[in-house]
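Asker: Next come the chains, spelled out residue by residue.
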Amino acid sequence: MDSIAGSKSSLGWAVNISVVLLVALWVFPTFGLLVSSFRTADQIVGSGWWASMFPSEQTERFRASDPDENRVQRGDLFVVEGNIFEENGGGGDIQSWGTSSRAVDAYQPGDVADLGDGETFTVDADGNYAWSGNDEQISGRGQRAFVTAISPPEFTTENYVNIMTSGNDTDNMAKAFFNTLTVTIPATIIPIVVAAFAAYALAWMDFPGRAILIACVVGLLVVPLQLALIPLLKLHVGVGIGKGYLGVWLAHTGFGLPLAIYLLRNYMVGLPRDIIENAKVDGATDFQIFTKIILPLSFPALASFAIFQFLWTWNDLLVAKVFLIDATGQTTVMTDQIVNLLGTRGGNWEILATAAFVSIAVPLCVFFAMQKYLVRGLLAGSVK
Amino acid sequence: MNPAFLGLITIALGVGGCVLYFWGSNQILDKVIFPAKGPQAGQNINRANMVRPWLFLFPAIFALGLYLAYPVFETLRLSLTDRDAGGAFVGLANYNQMMAEPKFWEALRNNLLWLIVVPAASTAFGLLAAQLTDRIKWGSVAKSLIFMPMAISFVGAGVIFKLVYEARPADQNQIGILNSVWLQFEGGIGSFLFLQALPALMLLAFAAIVAYVGWIFVRPIAESKERGGGKGYVPLRLFVGAAALYLVYLSLTSLVGVFTFDYPYGEPQTWLTIPFWNSFLLMVVLIWIQTGFAMVILSAALRGIPEETVEAAIIDGANPFQIFFKIKVPQIMGTIVVVWTTITIVVLKVFDIVFAMTNGQWETQVLANYMFDKMFRANDWGVGSASAIVIMLLVTPILVWNVYNARKEMK
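Residue numbers (the numbering used here), protein chains in the order written: chain P, 27 to 410; chain Y, 518 to 928.
Any given hint could be a false lead.
Derived Cβ-Cβ restraints for the label pairs, each shown as a range [what the hints assert, rightly or not]: (1) Pro179/P <-> Phe756/Y: 50 to 60 Å; (2) Gly582/Y <-> Ile301/P: 24 to 34 Å; (3) Ala353/P <-> Phe756/Y: 23 to 33 Å; (4) Gly534/Y <-> Lys398/P: 23 to 33 Å; (5) Asp300/P <-> Arg736/Y: 37 to 47 Å; (6) Phe80/P <-> Pro792/Y: 29 to 39 Å; (7) Gly235/P <-> Gln786/Y: 51 to 61 Å; (8) Val854/Y <-> Ala353/P: 43 to 53 Å; (9) Thr183/P <-> Val568/Y: 54 to 64 Å; (10) Leu767/Y <-> Ile267/P: 19 to 29 Å; (11) Ala129/P <-> Phe893/Y: 52 to 62 Å; (12) Lys306/P <-> Arg736/Y: 23 to 33 Å.
Hint data in this document are derived by calculation from the structure and do not stem from the laboratory.
Positions of the beta carbon are idealized from the N, C-alpha and C atoms, including for glycine.
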């Protein structure tokens, strides 16, 4: 509407700034998790993820290595030497250090701290330390020291390697990943095929009771699937399907069908009548018309519903929990495994964040690649 | 066997079976039962065409009937029986037992809060985002980013927001961004602006929206009896009006609370354990997910508004706010209602967020989670079914409204 005189108002800046704020607000949480999944456990608990982009100042406590094994005699003194970064990991530029928790920044790098009776301790800027004193002083446990260092931002892909390839059974997501795929692909394709045939029948075939059937589909759109859990679980167990892939496919098919039929019928009704009638005159059966004409023409609507159903089945927790996951835990899906991780690994953000991101990655890729179709389908269904 | 390989075989079997049905059944119909040749070719084609719709529809009708229609009645029956007594009919005993439980009332109360807050906030944010992004050059990028949470599972979103709400002891660095921001407040002018003025403004806006919606419903009665679907709707309209009045009263009284509340500045909060407010923090997750959906649809509706009406308003000297609220919003009211109802349905069915983040602890229980608890933890199918029926009852008005609208369109 920029073309209309006077519509370019002074609000332009305000609009831009509000949109930036809004987008930031919406992206921030996900971005935080993404950043966290690339940090080590120590970094995550050490500082907020927003600080990870910048060199961070961290104060860490460490001990000089065990004097009984590492001390070296020099004259009548004993010395323990080493490098704190080599022994404890990490790195960076040491700003200050101290030997007591009450004054963690008492000394500059290179200073020599006098610990009394000739015992000394020193740390230089690169983390090399030297602790010297007499036989009695350099014994027992290593000297405690606090070092404040500015460390550069550091990222790792180790978490992803851990989650996908190694780790113990509760952490490893590879199996759950394939289970989710096994659930998702048929649970996306089967309802589309079934719904496409039904939508065609409801849109273009004449038979008694058509109007009632359409009304039923619209009504079933809102029936909460919670109602279906107990009766169908009983039924599945009763007919011998039990808990398994077949049951969860059928359940997803049933629950996804009303929306699929509704969206596809709305789309197919809009196709030009001439094409279908011409084909009929030429002697094509409805099956041929459907497969050769309607299906190719309906591609946008089919794609949009496919994305919908894919996202819904990939992200589902309830249906899988009721109809799929049995006592053996062999068929668990990713959402369920993450919920379990939330229970057992509540504080281990490096595992949680990475696991969540593994499960988010596929739908996000599908979403960004196919967004155009998704929006088109949404609009076909909701806006008249 | 390799899980990937096993999965592949299972997938091939499942999809292949489905495709085989449609292809095979049509082949049998055309080639074996009613072949389109021989002396009765014409009659056979007609007969085949009478059977074919049902061949096309059979799997859909079967699945719909079995997975959605049958459970409605079966759950109703189960809610009137007792599993331990071998499925004996017990009348309303399950309902009585459920209503005696404080957890049920807590779930119902929370669910009603979700039903009011989430659709209202998602639609409002969606409308705001749609209006703002339609006017700028990088609007489509902004839209994709706001729409993105649609693709994220409720469980994934739960993890994302758990990190946002994470709390650590006061002497350590906060890793949850909410606490990190919270610790910046110390009671000065900034705290007043963000913690008192802003919430007050939002409460006022909410009260205004609710009052406006209530007025839309009640107005036909006040003005004339003829409009708005006839007399049958009067009780519904009065009910919505009364509910709106109550919500306005509620938000105005909370307004006082906002200014008198004593904020615990400087202490990190474990957000998800604060009763009442933690429900709102869980709602934020769903609002975050649903806003993109509302935005996409409302943005299309905004684009569909004829430019002439907007131009006419501009020529008459309307300012942007008047154009938005007096010209645009009334014209897309139908779409707003559709978006609102769609999100309402999502709210009623949703269970994963509460399940993953608090599991109903600290007074955050909702009906769907309560039902899951009863069915699969307490193994009490009677009460579980009864609460499922309560959810169904809450959806029924939308169901009736949907079918009514669909039939109106058919004619």
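Asker: Confirm or reject each hint.
Answerer: We went through each hint and held it up to the structure:
1. In this structure, proline 179/P and phenylalanine 756/Y meet the distance hint of 50 to 60 Å, their C-beta atoms being roughly 57 Å apart.
2. Between glycine 582/Y and isoleucine 301/P, the C-beta spacing of about 32 Å keeps the proposed range 24 to 34 Å intact.
3. Look at alanine 353/P against phenylalanine 756/Y: about 47 Å separates their beta carbons, and that is not inside 23 to 33 Å.
4. For the pair glycine 534/Y and lysine 398/P, the supplied restraint of 23 to 33 Å holds, since their beta-carbon distance comes to about 32 Å.
5. The given range of 37 to 47 Å is respected by aspartate 300/P and arginine 736/Y, whose C-beta atoms sit roughly 46 Å from each other.
6. For the pair phenylalanine 80/P and proline 792/Y, the beta carbons lie near 38 Å from each other, so the given range of 29 to 39 Å is met.
7. Evaluation of the 51 to 61 Å hint for glycine 235/P and glutamine 786/Y yields a pass: the beta carbon distance comes to about 59 Å.
8. The hinted window of 43 to 53 Å between valine 854/Y and alanine 353/P holds, with their beta carbons roughly 46 Å apart.
9. Threonine 183/P and valine 568/Y have their C-beta atoms about 59 Å apart, which keeps the hinted 54 to 64 Å range intact.
10. Remark: the range hint 19 to 29 Å for leucine 767/Y to isoleucine 267/P is contradicted by a beta-carbon distance near 48 Å.
11. Remark: the range hint 52 to 62 Å for alanine 129/P to phenylalanine 893/Y is upheld by a beta-carbon distance near 57 Å.
12. Between lysine 306/P and arginine 736/Y the beta carbon distance is about 51 Å. The supplied range of 23 to 33 Å is therefore violated.
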